[in-house]
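Go by the hints and put chain B onto chain A.
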Amino acid sequence: MFNKFKTTPNNDTPESLVAETPTSDDVVIASPEISPAAVTTSVTPTAATPKSNGMMGMLQSNVSKPSILSEGFYFKGELSARGAIHVEGSLNGQVQVDELTIGSRGQVDGIVNCKNLHIKGRFSGTATCEELTVTSSATLDGHVVYKTLSVQKGAAIKGELLLAK
Amino acid sequence: MNPNSKPNSVFIGEGVSFKGSISAPDEAIIEGQFDGDLTVSNLLIGQTGRVTGTIKADHVDVKGELNKDISSRHLLIVRSTGKVNGTLEYGEIEIERGGQVRGNMTQV
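Chains as they are written, first to last, in our numbering: chain A, 1 to 165; chain B, 1 to 108.
Just chain B, same shape as in the assembly:
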């Protein structure tokens, strides 16, 4: 097994475009493009990553772009390079200076 790979996790590298739905019990790291439904525990969107669709996660860390319906049950972090558009549901939120957020927000 590749030492870099983690069980119950998915990694979409830069330049990769994925359409469909993913359900991962652990972690999803997205450096490429993702379109569709995503259910995961930890979602990390890298600087080159773009995620569009219905996202359900516990923890979300956005350095790239995140669009449409987002539900982050615990903590949502938008880094200074991050962009979030759409409907947001969150437990806790943190936005670094420079981070862009556009949309409707509700705290659960």
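For reference, chain A alone in the conformation it holds in the complex:
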């Protein structure tokens, strides 16, 4: 819109506007993409499009969100997922997942096979994982095979912990 104001005082008549605009330096520097025929109308759309492309590029990211079994939810059966699962409800059965987090109100009973197992609630059964984290509010009962282990003070562990090689 500023381009229009700059050009109009120099060229009062509409005939000279069409002829002069390509040669005048002010216009070329300010908006190089504008065609001489449509000086006033095409200013806003051409300026806006490169900005919006940049924003879209920023928004494209691959952040995987965990699937959540919320409180009050009871699941019985076989569960398999590639990403992460957060359990606040009750899960009974076989679980195969990358990352399993048992929330403070969560309860998991069964056979778990995962990479990272994070226990804040209750777990009973058999688990095989690479990284096991047991927080202070957790109760663990059963067999766990792990590679890396950390247990916070206050956690209750009953059963067997085995180190995988």
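Since the hints were made in silico from the structure, they are not lab data.
Hints are all accurate, no fakes.
Taking lysine to any residue and the SDA-like style, the derived pairs with C-alpha atoms no more than 20 Å apart in a straight line are:
# : chain 1 : residue 1 : chain 2 : residue 2
1 : A       : K153      : B       : E94
2 : A       : K158      : B       : E89
3 : A       : K158      : B       : G103
4 : A       : K147      : B       : N104
5 : A       : K158      : B       : K56
6 : A       : K165      : B       : G86
7 : A       : K158      : B       : H59
Just chain B, lined up with the frame of chain A:
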């Protein structure tokens, strides 16, 4: 008396190997090798320490190795360099990341 020594306590230094049983009312610090029965209030196993046998203690802090029957009435801490194998009885437990525990565990 040596200012470093504490009453009712025992210290087994690095390179020392001991076989037998110890009962100390206070503290046992083990940097060497211990084989046998150990009844103590506080047991500290240093990074070079290795303890095998029946252990009864209130507090246990493991930076080295601890094997066989372990009973820790209060708190058992396994540090990141610690290794615990055997039957474990504990009041409270804390395992630092990297600490290794293998065996049956029961909370008392």
